[in-house]
Each structure stands twice: as C-alpha cells, then as structure tokens.
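Residue numbers (the numbering used here), protein chains in the order written: chain A, 1 to 113; chain B, 114 to 226.
Since the hints were derived computationally from the structure, they do not count as laboratory data.
Hints should not be assumed to be uniformly reliable.
Said to hold, decoys possible - Some chain B residues flagged as far from chain A (calculated, every beta-carbon gap over 10 angstroms):
| # | residue |
| --- | --- |
| 1 | ARG120 |
| 2 | GLU122 |
| 3 | ASP127 |
| 4 | GLN183 |
| 5 | ARG185 |
Unchecked claim - Restricting the straight-line Cα-Cα distance to at most 27 angstroms, the calculated cross-link-like pairs of lysine-lysine (DSS-like) are:
| # | chain 1 | residue 1 | chain 2 | residue 2 |
| --- | --- | --- | --- | --- |
| 6 | A | LYS6 | A | LYS82 |
| 7 | A | LYS6 | B | LYS119 |
| 8 | B | LYS172 | A | LYS59 |
| 9 | A | LYS82 | A | LYS65 |
| 10 | B | LYS178 | A | LYS82 |
| 11 | A | LYS65 | B | LYS119 |
| 12 | B | LYS195 | A | LYS82 |
| 13 | B | LYS119 | B | LYS178 |
| 14 | A | LYS59 | A | LYS6 |
| 15 | B | LYS119 | B | LYS195 |
| 16 | B | LYS119 | B | LYS172 |
| 17 | B | LYS195 | B | LYS178 |
| 18 | A | LYS59 | A | LYS82 |
| 19 | A | LYS6 | A | LYS65 |
Just so it is clear, the structure is predicted and the values come from calculations on it, not from any experiment.
Cβ atoms here follow ideal geometry from the backbone N, Cα and C, with glycine treated the same way.
Number of protein chains: 2
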Amino acid sequence: MVEAAKRAEATIIDVVFHEFNPFGISGVVVIAESHLSIHTWPEYRYAAVDIFSCGDTLKPAEAAKYLVEQFRANRASCVEVKRGLFPGSTGLPHKAKEGVAANGATEPLQMVL
Amino acid sequence: MVEAAKRAEATIIDVVFHEFNPFGISGVVVIAESHLSIHTWPEYRYAAVDIFSCGDTLKPAEAAKYLVEQFRANRASCVEVKRGLFPGSTGLPHKAKEGVAANGATEPLQMVL
Numbered sequence: 001m002v003e004a005a006k007r008a009e010a011t012i013i014d015v016v017f018h019e020f021n022p023f024g025i026s027g028v029v030v031i032a033e034s035h036l037s038i039h040t041w042p043e044y045r046y047a048a049v050d051i052f053s054c055g056d057t058l059k060p061a062e063a064a065k066y067l068v069e070q071f072r073a074n075r076a077s078c079v080e081v082k083r084g085l086f087p088g089s090t091g092l093p094h095k096a097k098e099g100v101a102a103n104g105a106t107e108p109l110q111m112v113l
Numbered sequence: 114m115v116e117a118a119k120r121a122e123a124t125i126i127d128v129v130f131h132e133f134n135p136f137g138i139s140g141v142v143v144i145a146e147s148h149l150s151i152h153t154w155p156e157y158r159y160a161a162v163d164i165f166s167c168g169d170t171l172k173p174a175e176a177a178k179y180l181v182e183q184f185r186a187n188r189a190s191c192v193e194v195k196r197g198l199f200p201g202s203t204g205l206p207h208k209a210k211e212g213v214a215a216n217g218a219t220e221p222l223q224m225v226l
C-alpha cells in the first residue's frame with residue numbers, strides 16, 4: 001500500500017495497519033492528497049481498496065494498477081466516485097501546497113484474488 | 114468521528130488524525146467493521162466523510178446523521194456504494210466475530226458547512 005501510494009506520487013503522512021484474528025487486515029495510508037485504505041477477506045479471496053484523492057497531481061490509476069498486479073487478482077473492478085463538485089466550488093486542492101485546485105474523487109477498487 | 118463511530122455501534126480499533134497547515138484535517142477511525150474517514154477543507158466550508166462498513170451490525174446512517182448535525186451542515190449528500198457482491202459470494206463478514214455475513218458498502222458523505 002505504501003509502494004502503491006508512492007507510485008501514485010502521493011506525499012505519505014501516516015501509515016496504520018491492523019491484522020485481525022483469524023484473518024484479514026485493515027490498513028490506511030494517510031497522504032497529503034487524502035488517503036488509501038484496504039480491507040481484506042482472505043477467506044473470500046477478496047480485497048477492497050479506496051484511493052481517495054484530491055488535487056491534480058495524484059495518479060490514482062497507477063496505484064490501482066500496481067495493487068492489482070501485486071495481488072495477482074483474477075478479477076478487479078474500479079469505480080470512480082466524484083465528489084466536492086458543489087455549485088460555486090472551484091474544486092478541492094490537496095493539502096501539500098496552495099494554488100492547486102482540482103476535484104476530489106474516491107476510487108473504490110475491489111479485487112478477487 | 115469517534116462519537117459517530119460509537120453511535121454506529123462500531124468497535125473502534127485505532128484513531129489517527131492529522132492537521133494540515135494552513136488548514137484542514139484528515140482523520141481515520143479504523144473499526145472492526147472497516148473504517149470511517151474524514152477530510153476537511155475549511156476554506157471551502159466542505160468536508161468529505163467515508164463510512165465503510167461490512168457485516169450487518171453497523172448503523173452507518175446513525176454516524177452520518179450525527180456528523181451532519183454536529184457540523185451544522187447547510188447541505189449534505191450521502192451516496193451508498195455497494196461492493197463485495199461477486200457471484201458466488203455470500204457476503205463479507207466483519208472482523209470482530211464469525212458467522213455474520215452481509216455485504217460491504219461505502220457511504221461517501223459530503224457536507225457543505
């Protein structure tokens with residue numbers, strides 16, 4: 001997930017991961033441009049990833065591509081959910097620098113491994 | 114966010130928050146049933162929340178309602194994104210206990226304050 005964030009050219013702020021008993025992990029990489037999260041259900045060979053981005057510098061598709069490859073997913077689906085597009089809004093900049101305005105989006109990725 | 118998670122009857126695992134300069138926060142509450150996340154843009158009076166849930170015990174609408182109230186949002190929109198509904202899947206249980214099967218969903222909430 002950290003490598004995926006790097007490939008998306010994200011600025012990493014924090015990383016938290018938890019392993020569950022008997023199986024499964026939940027993890028979040030907080031980035032200046034929002035976050036990447038993952039939840040896995042190994043018993044279903046299933047993982048759900050969110051790539052939440054803002055600003056116009058992040059490359060979320062690179063992160064998604066890398067994760068699908070690394071998990072060697074048999075099937076993957078990726079949906080873009082746009083948000084922060086209220087009337088009168090010029091868009092949501094990311095936190096790392098000012099003067100960059102683009103729109104927030106969440107890309108829920110799900111993979112069957 | 115922690116109180117919202119409690120109102121959703123979530124089992125809280127971890128809480129991470131970061132404050133950005135000059136403004137805005139990013140925060141995640143990791144729960145046994147997945148996570149709640151928030152990103153705020155005070156300069157746009159805008160906040161984006163994800164309530165990612167699995168299992169059939171969480172009450173995500175209670176968390177959303179509480180946050181909209183607490184932020185005194187002038188406008189709020191909430192979208193449910195269903196996932197983990199592959200053919201042959203009986204659904205995704207949460208991590209806290211076994212034998213509970215329901216489907217994963219993400220509820221992106223956005224608020225203008």
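Quick rundown of the hints versus the structure:
Against the 10 angstroms criterion, B/ARG120 stays outside the reach of chain A, whose nearest CB is about 20 angstroms from its own CB. Listed as outside the interface, B/GLU122 is consistent with that label: its C-beta sits roughly 17 angstroms from the nearest C-beta of chain A, beyond the 10 angstroms cut-off. At the 10 angstroms boundary, the C-beta of B/ASP127 falls inside the reach of chain A, the nearest C-beta of that chain being 6 angstroms off. Here B/GLN183 stays apart from chain A, with its beta-carbon at least about 20 angstroms from theirs, past the 10 angstroms limit.
The claim that B/ARG185 is not at the interface with chain A holds, since no C-beta of that chain comes within 10 angstroms of its own (minimum 17 angstroms). Only pairs whose Cα atoms come within 27 angstroms are accepted, and A/LYS6 paired with A/LYS82 is accepted, the gap being roughly 22 angstroms. The suggested pairing of A/LYS6 with B/LYS119 is violated, with an alpha-carbon distance near 33 angstroms, which exceeds 27 angstroms. Between B/LYS172 and A/LYS59 the alpha-carbon distance is near 33 angstroms, which puts this suggested pair outside the 27 angstroms criterion.
The suggested pairing of A/LYS82 with A/LYS65 holds, with an alpha-carbon distance near 19 angstroms, which does not exceed 27 angstroms. Note on B/LYS178 and A/LYS82: the hinted pairing holds, with a Cα-Cα distance of about 21 angstroms set against a maximum of 27 angstroms. A C-alpha spacing of about 35 angstroms is found between A/LYS65 and B/LYS119, which places the hinted pair above 27 angstroms, so the restraint is violated. Distance restraint check for B/LYS195 and A/LYS82: the Cα-Cα separation of roughly 15 angstroms lies within the 27 angstroms cut-off, and the hinted pair is therefore satisfied.
Pair hint B/LYS119 plus B/LYS178 holds up; C-alpha atoms about 13 angstroms apart against a cutoff of 27 angstroms. The straight-line distance between the Cα atoms of A/LYS59 and A/LYS6 is roughly 10 angstroms, inside the 27 angstroms bound, and the hint therefore holds. Taking the CA atoms of B/LYS119 and B/LYS195, the gap is about 22 angstroms. The hint holds against a cut of 27 angstroms. Taking the CA atoms of B/LYS119 and B/LYS172, the gap is near 10 angstroms; set against the 27 angstroms cutoff, the hint holds.
Simply put, B/LYS195 and B/LYS178 have alpha-carbon atoms about 19 angstroms apart, close enough for the 27 angstroms limit, and the pair holds. For a cut-off of 27 angstroms, the pair hint linking A/LYS59 to A/LYS82 stands: about 15 angstroms separates their Cα positions. With a C-alpha separation of about 13 angstroms, the suggested pairing of A/LYS6 with A/LYS65 holds against the 27 angstroms cut-off.
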